[in-house]
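Protein chains in written order, with this note's numbering: chain C, 17 to 309; chain D, 17 to 622.
Quick caveat, the hints were computed from the structure, so don't treat them as lab data. Please note that a few of the clues may not be correct.
[Stated by the list, open to error] Mimicking DSS-like on lysine-lysine, the simulated pairs with C-alpha atoms at most 30 Å apart in a straight line are:
no., chain 1, residue 1, chain 2, residue 2
1, C, K232, C, K297
2, D, K419, C, K189
3, C, K216, D, K518
4, C, K184, D, K407
5, D, K77, C, K216
6, D, K518, C, K195
7, C, K235, D, K137
[Unchecked claim] Covered, in the sense of this in silico footprint (three residues per stretch, anywhere, with C-beta under 8 Å from a C-beta of chain D), are these stretches of chain C:
no., stretch
8, 23-33
9, 75-87
10, 156-168
11, 172-180
12, 259-270
It should be emphasised that the depicted structure is a prediction, and the values quoted were computed from it without experimental measurement. Think of the CB as a built atom: it goes at the ideal place given N, C-alpha and C, for glycine as much as any other residue.
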Amino acid sequence: MKVFENYHPIVLFIYFISVLVIAMFETNPVILGLTLLGGVLFALLLVEKKRFVKDLVMILPFMLLVALTNPLFSHNGVTPLFFLNGNAVTLEAILYGIDIAAMIMAVIYWFKCYQEVFGSDKFLYLFGKIIPKVALVISMTLRFIPLLRRQYKKIADAQKCLGMYEDKSIIDKAKVVMKNVSILITWSLENSVDTSMSMKARGYGIKGRTNYHNFKIHKMDKILLIITLLMDVTVFTGMITGNTTFWFYPEITAIKTTLLAFTSYLAHAVLSFTPFIIELKENLKWKYYVWKI
Amino acid sequence: MEILRVENLDFTYPDSKTKVIDDISFSVNEGEFIVVMGESGCGKTTLLKCLKKEIAPHGEKSGNIIFSGKNIEEMEQRESAASIGYVLQRPELQIVTDKVYHEMAFGLENLGLSVEEMRLKVGEMASYFGLDKVYRSDTDTLSGGQKQLLNLASIMVMSPKLLLLDEPTSQLDPIAASEFIATLQKINRELGTTIIIVEHRLEELFSVADKVMVMDSGKLLMNNAPKTVATKLKGHKMFAAAPTAVRIYQSLDVNCECPINVREGRNFLQTHFGGEKIRKSSIGNVRENIIENEKQGEKDVKSELELQICENKANTKKETSIKPGAKLVLQDIWFRYEKHTPDVLRGVNLTINEGEIFAILGGNGSGKTTTLNVALGLLNPYKGKVIINGKPIGKYKSAKLYKNNLSVLPQDPQTLFTEKTVELDLMQAIDISGEAVKKVHKEVEKEVEKTEIATTKLSQVQINKISQQLGIKHLLQKHPYDLSGGEQQKVALAKILLRNPKVILLDEPTKGIDSCAKEELSSIIKELSKSGITVVMVTHDVEFCAITADRCGLFFDGNIMSVTTPTKFFNVNNFYTTAASRMSRDIFDGCVTVNDVVNACVNNLQ
């Protein structure tokens, strides 16, 4: 059961943008760690278990590669661990590599969650507000892709059963595909007349077109929006005042322990774990309701 | 109150001399349900389009069309779009957007309504049409019937006063079609919407309509109550399209009111031809015997029994036990589309003999078309064997299977056309080195030398022959897409016949074609079967099956059940049977077609 996707698209969009912006502009390991953990945990609830493991197996080696590549090419830092071909491999470079890998992984996972939560209807709603025509074109494209795919299959079958084309070599096969595509194009051009007629008959082209959507702003949307904005302000204050600033080169800076720094970490923790907590809470509630039945 | 008045309407397409609409005048009252009938190309679609300003065809037009006291040319855009709704023939192509709710709101968006207003109207209509369960689905996942309902619903949200429909049920299966017509009736009764519908499936519409208009080459021939039209229709080409009851009544010389549906037809038969003595005369068996004798000669009188034995033998999975005459054999076929989906075919056994016309009937999604695709080698069963012409399907190498052997007429004939004109298209289908050309070659060898010119000449001879046979000579120079549904079907059939097949599979051959074309197609198929070609068809059309097939079987639960002759088959069935059979049930035995019933009645009078 997905609950987070029931929020209003604008609220969701602001939420995802703020998490991603912070993840991409912040090198502080605490903040990155929190972002990564929040993203992975959220994905764990959204994605099927099997696929989650599969993805993890794909991503981890790649991240390892990123983490190891950095010290091989960057020799900054003041703590050499050993020398490779006369070049120093430094502790700072290794840690920075891990940091970068964590950042990329966090962004990947948050995009994954975005994809799960943000259906085509939400996307269209957002962009329909900005450019209505483009939104309609996208919607029509989404409608005609499966139609054309199905028609292509029909054409390919029908032409195959005519038995006029050999399919022994690649060239033969390519010829058949070309022929089929040309039939498909003729078909769609001839038949798009129906579609345009159906649009005209329903008044397409009259000035003052509006956009329909199924979204309403509820109380929960307002709450999530306020939380997101409050946490954003706190984290950004921390960032701008330099309380969360962190340097790897030339020397690793200490993680600051000022009150504002801690407040920022806390705010970012709230921001990163909110979807996970919402999802978990609703899932447990749901299980409880089911159990009651 | 009058809602629509057409005065002396004339219409000519550009670059054409003949008038498509020739001086038509009529008037429609509010809340009327009007059915327009006529042959393909008689101008009924053009007339319908002229009534809607936005999609009116280009051409020379004269006369007036007055809608609610206003000439439609002077109507405001917004008003015109909302108050006259138009539904087209093919459900698939009218859908514009990807989500059901968006599709329903499309018209309202164009009118510029606020989201709140739209939400109310869309929600209301979705529940009225029973589309609430699929409200958030992708439009592509709906069935054909649901798609057409969605098209209707997305027009009804704009609350039109007049609804124009152009053959809306021609692409639907019978059950979805009945549902659609019932919905129209509901709209007409409950919302008072005026309806004008062009249709060639008239079995149910006659009893729903207030008025029937008959059109013939651009002229309005009749415009009257259904019963009046029914009595006047005899002798006209459109008589073939009339409901069964009307056709039976008209073929008998009885002086009473004309019945227009099955119920009235039963009453009619009961009052005039009922009685115990006729009932027992068992006309159907006589007919059956005649057919069997004609078809298979005396030696096959016991064919039923033999086939049974043959099928049993097939069950034992021994190739050697296949009867020599068997052209297409399916042995214990099991098929599913994906690993974890249920079986679609569950041990299908079927033996089809040479020169036979076999029909597979069944509901939507019962696996009929899947069976056809398995027989064609397009789908591979995970268990079982397909034997074509005595050779397992796997032993044919690539395109060999489809050369001089097996052909299919797909549901959508447009998938076959590749060229600009019908003639070029047919030319392309001729296999220059193929068997058929060699045969023709021998015939004309003396006259023509074996040169390249000769080859084109040979193709010409073949095309001439086939186009004469199917009656498509006048279409050779046209673009295949410009033809009517029935004509496209015939051209497609010609194309596959040029491949010189021994076995032809037909997938829903009567979809979207009118009753005249149906009768023609039926006689063409019978001709083919006489010349030794084996025909297997998958169809919903029980009436067509009753007049065409030699044997038929019902597909249900992944298997073919009760394979027998149409007469026996339709006599046993209560619902899945022809209107003639439903009408004459318990009055006559074994009557399946209109002719059967008429013969029974005539015999009865003697």
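Quick rundown of the hints versus the structure:
no. : hint             : in the structure
1   : C:K232 to C:K297 : 23 Å, holds
2   : D:K419 to C:K189 : 18 Å, holds
3   : C:K216 to D:K518 : 47 Å, violated
4   : C:K184 to D:K407 : 21 Å, holds
5   : D:K77 to C:K216  : 20 Å, holds
6   : D:K518 to C:K195 : 26 Å, holds
7   : C:K235 to D:K137 : 25 Å, holds
8   : 23-33            : violated (count 0)
9   : 75-87            : violated (count 0)
10  : 156-168          : holds (count 6)
11  : 172-180          : holds (count 8)
12  : 259-270          : violated (count 0)
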